[in-house]
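Protein chains: 2
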Amino acid sequence: MGLILVRYGEIALKGKNRPYFTKQLRRNIRSTLKAHDIAGDVHQESQRIYVETDQPDAALEHLKRVFGIVSLSKVIEVPLTIEAMREVALQMAADFGLSEEHTYRADSRRSDKSFPIISPEINRLVGGVVKDATGATVQLKGEPDFTIGIEVQKERALMYGGIVAGPGGLPIPTAGRVIALMSGGIDSPVAAWMMMKRGCGVIPLHFSQNPVDTEKALENCRVLAGHSQGWRMEPIVMSHAEAIEPFLEKLHQIGAGRWACVLCKRAMIQKAEEVAAAHHAQAIVMGDSLGQVASQTLDNMEVISHGITKPILRPLIGMDKTEITALAQQIGTFDVSTRTTTDCAYLPDRPLTKGSVEKLTRILDELAHIDAKETENDGW
Amino acid sequence: MGLILVRYGEIALKGKNRPYFTKQLRRNIRSTLKAHDIAGDVHQESQRIYVETDQPDAALEHLKRVFGIVSLSKVIEVPLTIEAMREVALQMAADFGLSEEHTYRADSRRSDKSFPIISPEINRLVGGVVKDATGATVQLKGEPDFTIGIEVQKERALMYGGIVAGPGGLPIPTAGRVIALMSGGIDSPVAAWMMMKRGCGVIPLHFSQNPVDTEKALENCRVLAGHSQGWRMEPIVMSHAEAIEPFLEKLHQIGAGRWACVLCKRAMIQKAEEVAAAHHAQAIVMGDSLGQVASQTLDNMEVISHGITKPILRPLIGMDKTEITALAQQIGTFDVSTRTTTDCAYLPDRPLTKGSVEKLTRILDELAHIDAKETENDGW
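Residue numbers (our numbering), protein chains in the order written: chain A, 1 to 380; chain B, 1 to 380.
Here chain A stands alone, though its shape is the one from the complex:
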């Protein structure tokens, strides 16, 4: 059997709500193990979660994507004597191949203070034999090549030789649920991922315009689902032709084709708000990055969100394309998003950059006028 130590950071700060967050984190850890057929026992001891499993490497590989986890280590249980710690430290150094070309340090902390030797002394006593055996250089500051971690607890010490980074954030779905607009492009999956990181259960909403884009969007949702421990991600697909195109046609009729992108987005958010109400979601997530394309201006954002009452979350609003792209690669959605596709048939030559609520109102009035006329005709 192997033992994994799970460290969580931010959740530890949550005061009275802490048990709620740690319970959800343990639940998400369990469901991750189960999803990958890894038998394991998950339990809490003071500020730490432990996973006991006979597949520690496989467990580490999957758990490092569970939001709320700051870092993980495979640990060895050691009796509470310096002699035992020294023996394990020497074994770990040998496994690593520690030599005089490397730097290292022993890094102990006592979560139980009844052990009579203080941390710096433990470091000296355990680290010293490693130096004698390998000739490696002690490095106390910064990141040495190798760290021997020692946690002194009440009845045992835990030792580890490596730390695997987790994604941080909060356990899904402790923050609630959101509707995330999902195109086939680079930005929207990254925006959804960032809100997942902050503990949101995401319901992706895609407007299907052509099969290629829809396949890209759904494939990205499958990638995201792999990060969505704690929340079953079920994308909703709506027909762009039914939901939005009749409206865009009318825009062209009244000569307001330049407004297509802005009003298409607005129509999508209006639909998203309906979906949010039906699914008890509390906000709408968009992949806007200010100024990235012509339609993502401050003026247009005001027009797009005019009359929407649910909060619109834009986690990428302050990010550069290079930063967003780097995240997409890390998440695993970049290759799908960058497959070639066809341009939207309604894309204007010169998309609107300076919309205003006043002009919006005029256009909506004019469209209502057309609708009224059509209804009259229907009556004939």
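In short, the hints are calculated from the structure, not lab data.
On a predicted model such as this, the values are computed, not experimentally measured, just so you know.
Don't take each hint at face value.
A pair counts as met if it fits within one copy or between any two copies, since identical chains are not told apart.
Computed list of lysine to aspartate or glutamate pairs in DMTMM-like fashion (alpha-carbon distance at most 20 Å, straight line) [stated by the list, open to error]:
1. Lys16 - Asp299
2. Lys271 - Glu302
3. Lys131 - Asp95
4. Lys16 - Asp343
5. Lys250 - Asp145
6. Lys113 - Glu77
7. Lys131 - Asp54
8. Lys34 - Glu121
Starting from the known structure of chain A, arrange chain B on it as the hints suggest.
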């Protein structure tokens, strides 16, 4: 005289609007130099901006904070012969102290194709003499210890030995202007900085509750002003006692003290919307990070932004505290933000986590009732 090559990335993609962005970037570069008493000539040649100055090191130091700049290099003008390039490359290698312990590569590109030797051949011819002279190892992939950059232009080559990273983003204030709520804490200056990076002219709005916090907020504004090339940052300070506390007092009267944080924030945004209208700003920026504190829940965000028509931008909404803290340190606001201060007198023991628009409406009704009574009393 020294010559600096300025590279901008994202702006180059802006199609028909490109001249607008590059003109603002040149303007911001000029005003940065002027603000630091550095004489310099700024001009554009195809996709590059050049700064000619006799204080290239000082110029680099300040220009590396100008938004829109991806990177900068001090460059040397070289006649268009391999012999001249070799001579400069050897000098640059000697200045760097390049030896057999280092890796390096020559990295040329021809922006003018009339020079008869193609790039890989230039690299070989120039890089070869460096190898012979120093014994350094050629490294073609990844990041070698030293890179010899060569840009072949129509009538000269430009060579450089180092690249200084800029902050990226877009030139201020090409994206427009925003009101940024500014407390004395860690998050709000970072949120403002991120929107500055995306080209916003920021008007900071602070609600003064105690002198310590106000000094912190104003000092952070001064730090941010150092990043705000192109936009004169003028903070607006409003009295918390006048603008918000009478309202909070009434909340306590009706036993709704738990709503203090949520409704205080809502009151601030309402004031911010008035300020935005007066200053022609197009959005309101907040430092919310989802779930970071009890009041930053999805439910509360809906309550806080209920009835606000300007877009609310929350660039930190998907970020962890550790990420925000790292940015604050990089920007230079962290040390100011973490100075001790006093807690808000209205801070409830158990702040509200699950507000709703329905409950909000009831509370506002009740408050209106009190107001009506007071008006009656006034009449007596």
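Checked hints:
Proximity of lysine 16 to aspartate 299 under the C-alpha cut-off of 20 Å is restricted to the inter-copy arrangement: shortest distance 19 Å between copies versus 42 Å within a copy. Proximity of lysine 271 and glutamate 302 under a CA criterion of 20 Å is satisfied in both settings, with 17 Å inside one chain copy and 18 Å between copies. Taking CA atoms no more than 20 Å apart as the test, lysine 131 paired with aspartate 95 passes inside one copy only; the shortest distance there is 15 Å, against 39 Å between copies. Proximity of lysine 16 and aspartate 343 under a CA criterion of 20 Å is satisfied inter-copy only: 19 Å between copies versus 51 Å inside one chain copy.
Taking identical chains as interchangeable, the C-alpha atoms of lysine 250 and aspartate 145 are never at most 20 Å apart, the minima being 65 Å within one chain and 60 Å between chains. In this homomeric assembly, lysine 113 and glutamate 77 come within 20 Å of each other (Cα to Cα) only inside a single copy, at 18 Å, whereas the closest approach across copies is 66 Å. In this assembly of identical chains, the alpha carbons of lysine 131 and aspartate 54 never lie at most 20 Å apart, being 32 Å within a copy and 53 Å across copies at closest. Taking the shortest alpha-carbon separations for lysine 34 and glutamate 121, neither the intra-copy value of 42 Å nor the inter-copy value of 57 Å comes in at or below 20 Å.
Figure legend: structure checked against the earlier numbered hints; hints not met, in rising order: 5, 7, 8.
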